[in-house]
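These are the residues of each chain, in order.
Number of protein chains: 2
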Amino acid sequence: MTDHLVLFMPSGKRGRFASGTPVIEAARELGVYVESVCGGRATCGRCQVSVQEGQFAKHGITSSNDHISPIGPKEERYDRVRGLPEGRRLSCSATIEGDLVIDIPQDTVVNAQVVRKESDGRVIERDPAVHMCYVEVEEPDMEKPLGDLDRLLVALEKDWKLSRIEVDFHILPRVQQILRKGEWKVTAAIHKDETDDLPRLVALYPGLKNEAYGIACDIGSTTIAMHLSSLLSGRTLASSGTSNPQIRFGEDLMSRVSYVMMNPDGREAMTNAVRDAINGLVDKVAAEGGIDREDILDAVFVGNPVMHHLFLGIDPTELGGAPFALAASGAQHMKADEIGIHLNKGARVYMLPCIAGHVGADAAAATLTEGPHRQDEQMLLVDIGTNAEIVLGNSARTVAASSPTGPAFEGAEISSGQRAAPGAIERVRIDLDTLEPRFRVIGVEQWSDEPGFAEAAEKTGITGICGSAIIEVVAEMFLAGIISEDGVVDGAMAARSPRILENGRTFSYLLHDGAQKITVTQNDVRAIQLAKAALYAGVKLLMDKLGIDHVDRIGLAGAFGTFIDPKYAMVLGLIPDCDLDKVKAVGNAAGTGARMCLLNRGYRREIEETVRKIEKIETALEPKFQEHFVYAMAMPNKVDSFPNLEKVIALPEKKAMGDAGGEGGRRRRRSRE
Amino acid sequence: MTDHLVLFMPSGKRGRFASGTPVIEAARELGVYVESVCGGRATCGRCQVSVQEGQFAKHGITSSNDHISPIGPKEERYDRVRGLPEGRRLSCSATIEGDLVIDIPQDTVVNAQVVRKESDGRVIERDPAVHMCYVEVEEPDMEKPLGDLDRLLVALEKDWKLSRIEVDFHILPRVQQILRKGEWKVTAAIHKDETDDLPRLVALYPGLKNEAYGIACDIGSTTIAMHLSSLLSGRTLASSGTSNPQIRFGEDLMSRVSYVMMNPDGREAMTNAVRDAINGLVDKVAAEGGIDREDILDAVFVGNPVMHHLFLGIDPTELGGAPFALAASGAQHMKADEIGIHLNKGARVYMLPCIAGHVGADAAAATLTEGPHRQDEQMLLVDIGTNAEIVLGNSARTVAASSPTGPAFEGAEISSGQRAAPGAIERVRIDLDTLEPRFRVIGVEQWSDEPGFAEAAEKTGITGICGSAIIEVVAEMFLAGIISEDGVVDGAMAARSPRILENGRTFSYLLHDGAQKITVTQNDVRAIQLAKAALYAGVKLLMDKLGIDHVDRIGLAGAFGTFIDPKYAMVLGLIPDCDLDKVKAVGNAAGTGARMCLLNRGYRREIEETVRKIEKIETALEPKFQEHFVYAMAMPNKVDSFPNLEKVIALPEKKAMGDAGGEGGRRRRRSRE
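Sequence order for the protein chains is A and B.
For the working numbering, count along the first sequence from 1 and bump the result up by 29.
For the working numbering, count along the second sequence from 1 and bump the result up by 29.
Treat the hints with care, as some may be off.
What the hints assert, rightly or not - Here are the computed lysine-lysine pairs in the DSS-like style, where the Cα-Cα straight-line distance is at most 30 angstroms: (1) B:Lys574 - B:Lys488; (2) A:Lys374 - B:Lys364; (3) B:Lys676 - B:Lys364; (4) B:Lys187 - B:Lys103; (5) B:Lys574 - B:Lys546; (6) B:Lys676 - B:Lys645; (7) A:Lys364 - B:Lys190; (8) B:Lys642 - A:Lys190; (9) B:Lys103 - A:Lys364; (10) A:Lys238 - A:Lys364; (11) B:Lys645 - A:Lys187; (12) A:Lys221 - B:Lys374; (13) A:Lys374 - B:Lys667; (14) B:Lys364 - A:Lys210; (15) B:Lys645 - A:Lys214; (16) A:Lys676 - A:Lys645; (17) A:Lys645 - A:Lys611; (18) B:Lys187 - A:Lys221; (19) A:Lys221 - B:Lys103; (20) B:Lys187 - B:Lys313; (21) B:Lys676 - B:Lys642; (22) A:Lys364 - B:Lys87; (23) A:Lys574 - A:Lys676; (24) B:Lys214 - A:Lys645; (25) B:Lys173 - A:Lys574; (26) A:Lys546 - A:Lys596; (27) B:Lys190 - B:Lys173; (28) B:Lys210 - A:Lys645.
Derived from the structure by calculation, the hints contain no laboratory data.
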């Protein structure tokens with residue numbers, strides 16, 4: 030029998046191949062992605078694999094280095110010139126001679142000075158939109174007067190099976206010079222990701238060009254984050270971020286939309302601002318990665334609908350009012366050049382689709398990363414900003430909505446609210462008996478009741494409460510009985526603590542009495558209640574739509590999601606009850622989704638398909654929204670129970686205002702502090 | 030029987046259709062092109078047809094207006110609003126009710142102010158690359174949050190069966206405004222001509238946009254000619270020309286290539302010069318046609334290889350020496366914007382393929398127009414310039430070559446040579462007995478021996494000999510016996526006429542003795558001999574290649590071909606013997622070919638396919654070229670006979686130099702004067 034069983038790992042794909050079949054051919058036949066630039070000439074070293082030796086009983090394979098061809102002259106030469114790591118083989122040269130288990134390393138380093146810097150631990154299977162294809166072109170011949178470019182295309186068809194290539198116009202004036210400089214050996218950068226799935230020649234280099242890079246960028250309304258990755262090895266070379274300069278036109282999304290509506294040049298000014306910032310970030314990651322920005326050939330961007338529109342130069346006015354019409358919801362392809370992003374002249378840009386008018390490409394990217402549509406568990410994905418973007422579902426069905434939470438969670442509308450910056454209170458605990466608080470301040474190591482705090486805090490000051498601490502302080506006030514389940518600050522408690530202050534007809538809680546008095550007022554509590562009720566009501570609508578009464582898993586996306594403590598979010602009733610171990614911050618989920626789409630165009634098709642299938646719910650049109658909202662004003666909720674939460678924390682007994690007590694809460698056990 | 034026989038004219042396509050089938054549907058089913066913008070709403074009037082009444086025995090059809098549905102309310106409304114010419118019907122509304130012969134008018138005027146100005150009589154069957162597609166788009170709906178663009182694409186797919194549309198990026202920022210301005214009714218300009226054959230949305234207009242234009246442009250090294258055509262009716266609205274401003278960098282092609290080689294900014298300067306001139310011509314034809322250049326959506330350009338390269342911004346240096354490598358020989362697609370031609374932002378450019386390093390897109394266009402590849406007769410197509418571009422063949426096989434004629438035919442290297450301009454001698458006759466000349470001068474009505482000539486010529490002067498007259502004067506000198514078949518000016522003739530002047534060891538002929546002495550010297554004759562021998566030898570090589578000893582038809586392209594008299598060209602032996610009735614100037618053949626490609630993308634595929642099949646002969650590499658060249662130095666030729674020519678004109682008996690006589694020539698009959 031001449032056919033051998035070959036199993037590729039980690040994909041698990043397997044097939045039978047005749048003796049003498051090059052390993053790379055077997056991989057390709059099975060649809061296993063193996064990079065190669067030189068086209069089987071054993072010079073680029075991108076196609077490295079290794080043999081896993083041993084008995085693989087489950088697969089019926091005994092794999093051994095004796096079952097692969099011995100190292101031949103081509104591999105020897107590569108090893109001599111560039112160095113082949115121990116155990117590695119070039120799959121273009123090594124042939125199958127027996128049963129094998131072949132390991133495809135997920136990042137083959139051929140460029141030793143590249144420093145590994147992963148943006149997260151995730152290994153992304155690769156199939157980038159750009160491939161580097163080395164070819165040797167026939168020299169011109171008077172008897173066969175095909176043009177230089179035309180002969181290049183013939184070579185690409187012959188060696189790389191690339192037919193009907195469209196050529197970027199900017200190549201044309203340079204093709205002769207590049208071919209001659211490379212002495213008729215050139216590397217073509219081929220991009221393949223358009224509607225037609227036809228290859229495009231986007232860049233051309235003399236000789237063997239053994240690298241190509243891409244950027245993945247998440248345009249947040251506050252922060253822009255960028256990763257620089259090798260398209261050939263998949264590794265992240267640099268990551269960087271900068272604040273979104275549009276902030277000077279308006280803090281939150283709606284104020285930026287208003288700015289456009291009020292100022293004739295507002296759209297253009299904000300488009301230029303964000304593009305300039307992105308160009309600056311490209312400089313930064315290119316410098317950090319030690320590469321030339323000209324070698325960046327692909328880019329993926331995500332952002333919420335307003336960021337998406339402003340980045341693309343689209344007036345976002347329509348997003349400012351019903352029916353919140355997106356100019357375009359589908360995925361967008363363009364040249365970086367067309368939107369003023371300076372990469373290689375032929376570099377392409379891909380933008381993920383938007384889910385709805387207030388559920389953007391960032392939510393789509395987070396969905397791609399967290400994959401509710403890939404699992405059986407019901408997963409809730411929430412990105413909290415001025416609007417909360419909510420995606421809920423599993424592999425059977427996924428729904429999405431946005432809910433108008435307003436800016437309270439970001440510290441706006443809160444009397445002592447401020448951005449997360451040194452001096453801001455970020456953590457709060459309230460003693461159930463004394464009602465005395467202790468807290469942590471950004472920039473200070475110690476808690477406020479620990480030795481050395483006062484000295485350390487002198488440097489930063491204690492200036493306000495940031496978003497995460499607002500959640501905590503309100504939740505702690507509720508747990509301590511300072512506020513009722515209906516959110517009323519209980520004036521009767523003033524008898525127990527001087528921190529309960531009277532302000533006319535309402536009361537407030539004095540969190541810190543220093544150079545600045547930091548208090549939580551009745552209005553602050555109301556603002557948080559309104560915001561969290563909007564979010565929760567939106568989630569409930571989606572749960573209704575799916576006919577489910579609980580969720581199995583919760584992902585909190587965005588910066589806010591990274592800093593809030595899920596337990597306090599649940600005490601407040603921001604999110605529905607769920608096993609707390611399954612509530613996770615998925616901070617950079619949008620950025621990771623962008624990186625997935627950069628490194629594997631299969632993910633582009635996956636998210637496009639997923640977004641097409643996601644059912645969009647417009648909360649404003651749902652009659653039950655109001656009812657859910659009213660119930661959700663209570664803490665954690667008027668009607669819904671939180672059994673998972675109650676396993677780890679004692680909730681106060683419900684007390685209506687005017688009740689004498691609130692003692693109930695005090696005596697209960699508090700755990701997981 | 031419910032099926033009716035319907036014949037469409039002029040295509041002759043026919044088929045059977047059920048009662049009630051709209052005429053336009055029947056046409057489309059048969060592949061008969063009928064324009065329509067409004068998509069069957071009876072508002073654009075582009076789909077007009079008429080019924081030919083009568084008995085068509087050959088087709089077995091009795092056609093009558095009773096066999097088409099009576100005029101309905103939609104057509105009545107159109108007639109009321111825009112006016113429907115007598116006998117015309119809207120094929121989207123009229124249905125088949127019996128056997129019919131339907132006439133598709135080749136240009137349906139719906140815009141009365143458009144003035145007809147055809148560049149030539151040719152009617153070009155239409156199937157342009159750009160179609161105007163009117164749609165009514167669903168308004169945005171919060172419950173179906175598809176973007177505005179995405180809903181537009183849905184409408185285009187539904188109404189026009191256009192799927193997988195790629196959208197030009199420049200549309201994106203404007204799509205919302207246009208949709209709202211048109212109250213959700215818009216006309217999409219769809220371009221379909223790329224490799225992938227997928228539709229591209231290149232422009233978008235509010236409401237019904239019932240026009241779209243294109244330009245066809247022939248970039249000659251001396252003159253640039255442009256036609257402006259309606260893509261919807263096919264008619265030419267304006268034609269204009271201008272001199273190529275590159276002339277200031279060099280008169281002929283090779284001097285322009287040299288300019289690039291000597292000047293670092295030479296390529297860019299010449300590229301800018303020709304693009305500026307073309308932009309100026311666009312202004313001119315748009316003004317003349319009374320249209321906005323923004324409404325020009327498609328453009329076709331042709332030119333010789335050097336013009337082609339300089340226009341596209343490609344350094345033509347490689348074309349200056351062997352192996353004469355074209356940067357690209359295949360047809361090129363790009364956006365007008367990419368090459369600095371200011372039309373609609375989404376306008377596309379198509380450039381025909383080049384045949385070889387010295388046989389350009391202009392020769393390809395002329396080939397398309399004259400169609401040697403479409404006929405059984407052996408056709409020779411010659412474009413005479415610094416290099417002669419030669420195409421020869423028929424439907425079975427076509428070959429092409431260029432031959433280095435040098436600039437003699439253009440008046441350069443000729444002692445009294447000048448450009449065709451007022452004052453230049455353009456026609457010459459020499460009396461066989463007296464050897465006295467008579468001639469015509471550009472700008473003067475009379476021949477030089479007619480009354481009133483002297484007065485009229487005072488205004489223009491008599492300044493030199495232009496290209497066409499150089500051919501005539503040398504041919505007449507040969508016919509009169511002043512020069513021998515070997516091209517020697519016969520000094521012995523000085524005894525018979527004072528016009529034979531001695532210049533040291535050679536003689537010349539005094540054509541005019543005025544303020545300027547205009548003579549034809551021995552060197553002038555030699556220059557013409559060298560040029561015509563090069564051309565003839567090239568033609569002979571191609572005839573050898575095809576194994577033929579005569580051609581059936583000759584087309585002389587270009588300005589030079591328009592002005593030379595084929596008879597004299599044959600007397601000189603510039604072209605091989607052929608029935609003189611079948612030798613024609615095809616002056617604007619390249620421009621017509623460009624216009625064909627503009628109006629029907631089928632012609633683009635035809636010429637691409639034809640150019641792929643044309644066999645290219647490099648004259649410099651053919652050992653027989655030298656032999657043919659030597660024979661062709663004689664007039665008309667040392668070895669080849671000219672039986673067709675001799676039917677209409679008596680050629681002098683061959684006389685070797687030193688013969689006393691030359692009398693032989695004088696006594697023969699001269700006809701067709």
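Against the structure, the hints come out as follows:
{"no.": "1", "hint": "B:Lys574 - B:Lys488", "verdict": "violated, 51 angstroms"}
{"no.": "2", "hint": "A:Lys374 - B:Lys364", "verdict": "holds, 15 angstroms"}
{"no.": "3", "hint": "B:Lys676 - B:Lys364", "verdict": "violated, 53 angstroms"}
{"no.": "4", "hint": "B:Lys187 - B:Lys103", "verdict": "holds, 22 angstroms"}
{"no.": "5", "hint": "B:Lys574 - B:Lys546", "verdict": "violated, 46 angstroms"}
{"no.": "6", "hint": "B:Lys676 - B:Lys645", "verdict": "violated, 34 angstroms"}
{"no.": "7", "hint": "A:Lys364 - B:Lys190", "verdict": "holds, 27 angstroms"}
{"no.": "8", "hint": "B:Lys642 - A:Lys190", "verdict": "holds, 23 angstroms"}
{"no.": "9", "hint": "B:Lys103 - A:Lys364", "verdict": "violated, 45 angstroms"}
{"no.": "10", "hint": "A:Lys238 - A:Lys364", "verdict": "holds, 21 angstroms"}
{"no.": "11", "hint": "B:Lys645 - A:Lys187", "verdict": "holds, 23 angstroms"}
{"no.": "12", "hint": "A:Lys221 - B:Lys374", "verdict": "holds, 25 angstroms"}
{"no.": "13", "hint": "A:Lys374 - B:Lys667", "verdict": "violated, 59 angstroms"}
{"no.": "14", "hint": "B:Lys364 - A:Lys210", "verdict": "holds, 28 angstroms"}
{"no.": "15", "hint": "B:Lys645 - A:Lys214", "verdict": "holds, 26 angstroms"}
{"no.": "16", "hint": "A:Lys676 - A:Lys645", "verdict": "violated, 34 angstroms"}
{"no.": "17", "hint": "A:Lys645 - A:Lys611", "verdict": "holds, 25 angstroms"}
{"no.": "18", "hint": "B:Lys187 - A:Lys221", "verdict": "holds, 27 angstroms"}
{"no.": "19", "hint": "A:Lys221 - B:Lys103", "verdict": "violated, 47 angstroms"}
{"no.": "20", "hint": "B:Lys187 - B:Lys313", "verdict": "violated, 40 angstroms"}
{"no.": "21", "hint": "B:Lys676 - B:Lys642", "verdict": "violated, 36 angstroms"}
{"no.": "22", "hint": "A:Lys364 - B:Lys87", "verdict": "violated, 58 angstroms"}
{"no.": "23", "hint": "A:Lys574 - A:Lys676", "verdict": "holds, 28 angstroms"}
{"no.": "24", "hint": "B:Lys214 - A:Lys645", "verdict": "holds, 26 angstroms"}
{"no.": "25", "hint": "B:Lys173 - A:Lys574", "verdict": "holds, 16 angstroms"}
{"no.": "26", "hint": "A:Lys546 - A:Lys596", "verdict": "holds, 27 angstroms"}
{"no.": "27", "hint": "B:Lys190 - B:Lys173", "verdict": "holds, 22 angstroms"}
{"no.": "28", "hint": "B:Lys210 - A:Lys645", "verdict": "holds, 27 angstroms"}
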